Amino acid sequence: MAEGISGLSESMMRFSPQMDSGGLNRQGGAAAGGGMQEGTAFAQAEEASAQKLQQFMEQVQQGFGAYAGIARASADDYLNADQSGQQTIAKTQNLSPLKSSAPLHPSLLFPSVGGN
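Just so we're aligned, residue 1 is where the sequence shown starts under the UniProt record's numbering, counting upward by one.
I should point out that these hints are in silico values taken from the structure, not numbers from a laboratory. Check before you lean on any hint, since a few could be wrong.
Label pairs and their calculated CB-CB ranges [unchecked claim]: (1) Ser107 x Asp76: 48 to 54 Å; (2) Asn80 x Glu58: 29 to 35 Å; (3) Gln59 x Thr88: 40 to 46 Å.
Note that the coordinates shown come from a computational prediction; the quantities given were computed from them, not determined experimentally. C-beta: ideal position from N, C-alpha, C; glycine also.
Work the whole structure out from these sequences, hints included.
The structure is reproduced here in structure tokens:
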């Protein structure tokens with residue numbers, strides 16, 4: 001029979017991913033176009049993709065935060081279930097008729113003795 005729990009609750013409790021919240025670092029040099037006809041369109045596309053990437057990174061950060069909360073809640077669930085199981089087993093053992101404080105009639109131990 002296994003002793004304790006098998007979940008790595010300490011690791012679950014410590015799980016807390018941290019992401020850089022500084023945003024994207026952009027130089028913005030393409031906005032000038034450099035004299036190329038396509039420069040303005042490229043700069044606009046670059047700006048749009050940078051905004052979408054920033055939104056995605058914010059969603060990823062929120063997702064990791066939610067995942068960290070789930071990991072911590074799982075650790076709590078593991079520990080609470082383990083403690084509850086131990087208490088239940090302890091209570092059950094206290095109800096056992098085989099406890100040393102509960103006298104047993106000899107007929108329960110040796111059914112052939114004293115039986116008709």
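Results for each hint:
no., hint, in the structure
1, Ser107 x Asp76: 48 to 54 Å, "49 Å, holds"
2, Asn80 x Glu58: 29 to 35 Å, "33 Å, holds"
3, Gln59 x Thr88: 40 to 46 Å, "42 Å, holds"
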